[in-house]
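Asker: This is what each chain is made of:
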Amino acid sequence: MSTLTQANDHDHDHKPTGLKRWFFSTNHKDIGTLYLIFALTMFFVGGSMAMIIRAELFQPGLQFVDPQFYNSMVTVHALIMIFGAVMPAGVGLANWMIPLMIGAPDMALPRMNNMSFWILPFAFALLISTLFMEGGGPAGGWTMYPPLVLQTGAAFPFLILAVHFLGISSIMGAINIIVTVFNMRAPGMTLMKMPLFVWTWVITSFLLVASLPVLAGGVTMLLTDKYFGTSFFNAAGGGDPVLFQHIFWFFGHPEVYILALPAFGIVSQIIPAFARKPLFGYASMVYATASIAILSFFVWAHHMFTVGLPVKGELFFMYATMLIAVPTGVKVFNWMATMWKGSMTFETPMLFSIAFVILFTIGGFSGLMLGITPVDFQYHDTYFVVAHFHYVLLTGAVFALMGAVYYWLPKWTGYMYDEKLGQIHFWLSTITANILFFPQHFLGLAGMPRRIPDYNVQFADFNMISSIGGFAYGISQLLFVYIVIKCVLGGKKAKALSWEGAKGLEWTVPSPAPHHTFETPPKLTKAMLEH
Amino acid sequence: MASKDLYYVPHGSKWPIVGTLSVFTFFLGSAMLFNHSSGAKYVFVVGIAALVYMFIGWFSDVISESRAGNYNKQVDVSFRMGMGWFILSEVMFFAAFFGALFYARMFSIPWLNGEGLGGVNGTHEFLWSSFEAVWPTNVMPDPSNALGGGKAFQEFTEVIPAFGIPAINTAILLLSGVTVTIAHWALKEAKRKALIFWLFATVALGFFFVFLQAEEYIHAITDLGITPNSGIYGSTFYLLTGFHGFHVTMGAIMLAVIMFRSINGHFSNKDHFAFEAVAWYWHFVDVVWLGLFIFVYWI
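Protein sequence lines correspond, in order, to chains V and B. For the first sequence, the tail end lands on 531 under my numbering, and the numbers increase by one without skipping. For the second sequence, the tail end lands on 830 under my numbering, and the numbers increase by one without skipping.
The hints are simulated quantities; they were obtained by calculation from the structure and are not laboratory data. A couple of the hints might just be wrong.
[Said to hold, decoys possible] Quick list of in silico lysine-lysine cross-link-like pairs, BS3-like style, CA-CA up to 27 Å:
1) V/K523 x B/K604
2) V/K503 x V/K526
3) B/K545 x V/K15
4) V/K503 x V/K193
5) B/K545 x B/K604
6) B/K801 x V/K20
7) V/K20 x V/K526
8) V/K503 x V/K492
9) V/K20 x V/K277
10) B/K545 x V/K193
11) V/K523 x V/K193
12) V/K15 x V/K486
All chains, full assembly: derive it from the sequences and hints.
Answerer: Listed below in structure tokens is the structure:
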């Protein structure tokens, strides 16, 4: 420990100052911080769009916005939450923690790292500016299906190029993470000694590198169909609109694991720390993550069961989808087995992680229901789908990300956050998120379609409950901002090992972590390599 | 401590933010061009100029850091891995277009002709009953494109035969793969003159390929009537060959940079990652071309 800090101190630990520090940064911690602040900001931008949606759905009939604007809110909310909130939050954590976890001086390609971040605000400037354009923002859904999306007005090229820009950012970020993990590990940090968070991120990066260019190809074809007269998605010229759905979901299904796998990694760090037991079945966790990632490239058409696929295709994609439940089940089993007979305490990160395991599993089960072809004909494009993916993305991915922020805040700021407020935030979030999304299962099963601003009066009660939950969830998140700011400004001093049961290299450096760490590789002891 | 023992972490750089701003300006200009906004072409040109400035500036920094000996073995491995994964992402980009080609040929064209789905597909019978599935599809299912905006499709008389310019281009690219390898052998034996000669041959072959491809486009558009508006055949033909041609152009420019660096005495027989990276990239565009030659032109 002391030798480590000495090794770090010999070099310039001075930080660059002013705007240069942030615009010209090559420091993984600063860039990680930028990512996290950006993600939180976009979480509120996308969240306020969700509030507009829930306000409109509070009662049947049209109250506040016209249907076109409602649909652009649905579309842009999704794009912002996926590409602007959840993915950047995950990359921010990866930036901050992976070099600390594997004993590296920084990310492998620090300048590219900076560019990956700075693209994001500019890409979202392109996207959000469309809301003020002639014809309004994109309103055909985040999936951008033709021919509907081709009716978009002036927003169309901005939408396509914003997606390209975000893709460039994510691909560069992913390459950086892969290279960092494979080339920058301290001697002794073998692959199967890496913390699971690192494993899940490197596998996520494979998914990004392999799937995002396919999306780029798909949206390029949309662009040429609209402006250059090509017929990729025009049956009159021999193409097929369904082709776009295949291309999109070949990207889109890996994408949902891009959002989920880092969350698995986070939970696999937090649960052992607060159960004070090693992670149960480490190797099986690694293999399960890899299996999920590989399978994710063979299940895309389960998003398209009702579009008119050949029956053999429907069966193949149904069975392949069912297979994913196996490695996911392994993971859920391992998390529970880690807690079994552990000396558990329930600080905020642990609460979020346990809620993750339960609520993500609910989302996983509704996903299984949707993956069964014959019943999907009933559920497709209903609020059941909305409930499903919000369980896996909000009470799944976002809960894990928030748990991660509570878990590592002491390392970042040097102070402990206010535990009492953290727990209040947890309970408010969990209760309100369930009030928000659980009734949507019933709405969907009863036949309420998604992406429509009005509905039949029979759906009124559950929609009102859901909206109340939505507003309450939105307001509760302000408490999260308050807790984070309070912790940045001060509080109880955090020790290097901020959590008694936590394992890993990140806890061997002081809190807050110095600007530069591990400029020379640390000498790893056996204790440091436990997970 | 010698700097070679430490992993080189640059402390602050303006290039990433310059790069972001230049891509942003380029995209903004492109989107404005599509919308016919006023002033679009100025934004677009500024974007392109900024991109060129960024590439030259960023690579100059990296080259001078490399020449100054800042990069140790581990940094070299990072660059190698980074380039490899970048090429994989490019492979997946082309996979989307090849996928579209295969999908059209295997599924959408036969389905439009009434095949598949157990013979219950009504498209052919009720919508466009005169359509016959042939590849290349020079008569579209609905030649007037009444449902797709009403701009009639451009029909074409014949397609470009595989064993004309495309076969010559195949030979050119395969040959350039050989010349770049001979250049690499020369570099490894520290024979600079041979290195420069064979690099020059590679660059020349690369640009010759692009020239022939441009000739072929002119012939296809003016004589044969194949345009991007020629249904799914024209769509896949131009997107696949167009993106490939763009990559060959980029690769040839990169090779030219390597050639000028070789003339200026850069690279040693042991340390020449930039050369290798460009050579990998060149082989990648070569392999993509083989796929194009077989599936777009030949069968």
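Asker: Failing hints, ascending?
Answerer: Hints 6, 7, 9 and 10 are the ones this structure does not satisfy, whereas the remaining hints hold.
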